[in-house]
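Residue numbers (our numbering), protein chains in the order written: chain A, 60 to 173; chain B, 125 to 235.
If you are wondering where the hints come from, they were derived from the structure by calculation, not from laboratory data.
These figures come from a predicted structure and were not determined experimentally.
Some clues are possibly wrong.
[Claimed, not checked] DSS-like, lysine-lysine: derived pairs with alpha carbons at most 25 angstroms apart:
| no. | chain 1 | residue 1 | chain 2 | residue 2 |
| --- | --- | --- | --- | --- |
| 1 | B | K227 | A | K142 |
| 2 | B | K180 | A | K68 |
| 3 | A | K73 | A | K129 |
| 4 | A | K142 | A | K130 |
| 5 | A | K142 | A | K116 |
| 6 | B | K201 | B | K227 |
| 7 | B | K180 | B | K222 |
| 8 | B | K222 | A | K130 |
| 9 | B | K184 | B | K201 |
| 10 | A | K130 | A | K68 |
| 11 | B | K192 | B | K176 |
| 12 | B | K192 | B | K180 |
| 13 | B | K176 | B | K227 |
| 14 | A | K129 | B | K222 |
| 15 | B | K192 | A | K116 |
| 16 | B | K192 | B | K227 |
| 17 | A | K68 | A | K129 |
| 18 | B | K227 | A | K116 |
Each chain, letter by letter, is given below.
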Amino acid sequence: DGGITQSPKYLFRKEGQNVTLSCEQNLNHDAMYWYRQDPGQGLRLIYYSQIVNDFQKGDIAEGYSVSREKKESFPLTVTSAQKNPTAFYLCASSITRTGGNEQFFGPGTRLTVL
Amino acid sequence: GNSVTQMEGPVTLSEEAFLTINCTYTATGYPSLFWYVQYPGEGLQLLLKATKADDKGSNKGFEATYRKETTSFHLEKGSVQVSDSAVYFCALSNRDDKIIFGKGTRLHILP
């Protein structure tokens with residue numbers, strides 16, 4: 060079955076530690092996205108990538124980093140510079156970024172900073 | 125710029141009631157419009173979409189019509205079930221831009 064996988068489902072980290080969230084898709088989509096979801100605030104875009112080896116900052120990129128070395132993979136690193144990292148993180152993909160295409164979402168990773 | 129406004133929740137209804145969740149948008153050009161649903165602890169799933177004015181998207185008994193004159197895309201269902209309890213997001217996507225999501229509306233259906 061084609062889809063998007065995120066791992067792990069739950070992640071705990073101590074303050075001051077970097078942590079990497081995995082996102083893999085086998086839909087052959089060019090574009091991939093990372094969102095952060097907090098209660099009552101909907102989804103906020105962190106980073107997106109239209110093509111391998113290229114990515115752009117979204118609305119709340121500070122304290123996060125990404126890489127896109129393979130079409131299928133778009134890992135997100137939450138660095139110690141992110142002041143309030145506890146949140147639900149969602150990865151998504153679309154065929155291309157343009158043209159009004161819908162996005163397909165993974166199941167999410169819930170990150171808790173202890 | 126582009127924006128989406130949807131009614132604040134939570135919305136609480138009894139089973140078999142009629143559902144409307146309002147959504148209005150601001151956009152340049154002719155965006156595509158979407159409704160997504162999120163069940164507890166899960167990612168978002170596309171519920172339905174419409175790509176041009178007067179299009180009606182439908183799925184699982186839900187419907188929404190793209191109304192350009194009122195810049196609206198209200199979600200409706202004639203008879204809700206307990207299993208419809210979830211958070212619903214209205215969204216738009218323009219040709220040259222990322223998807224813009226509303227803040228979500230939480231729906232509770234009572235048996």
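Evaluation of the provided hints:
| no. | hint | in the structure |
| --- | --- | --- |
| 1 | B:K227 to A:K142 | 22 angstroms, holds |
| 2 | B:K180 to A:K68 | 35 angstroms, violated |
| 3 | A:K73 to A:K129 | 29 angstroms, violated |
| 4 | A:K142 to A:K130 | 30 angstroms, violated |
| 5 | A:K142 to A:K116 | 17 angstroms, holds |
| 6 | B:K201 to B:K227 | 20 angstroms, holds |
| 7 | B:K180 to B:K222 | 22 angstroms, holds |
| 8 | B:K222 to A:K130 | 19 angstroms, holds |
| 9 | B:K184 to B:K201 | 9 angstroms, holds |
| 10 | A:K130 to A:K68 | 22 angstroms, holds |
| 11 | B:K192 to B:K176 | 9 angstroms, holds |
| 12 | B:K192 to B:K180 | 12 angstroms, holds |
| 13 | B:K176 to B:K227 | 23 angstroms, holds |
| 14 | A:K129 to B:K222 | 21 angstroms, holds |
| 15 | B:K192 to A:K116 | 31 angstroms, violated |
| 16 | B:K192 to B:K227 | 21 angstroms, holds |
| 17 | A:K68 to A:K129 | 22 angstroms, holds |
| 18 | B:K227 to A:K116 | 21 angstroms, holds |
Hint compliance for this structure: hints 2, 3, 4, 15 are not met, and every other hint is.
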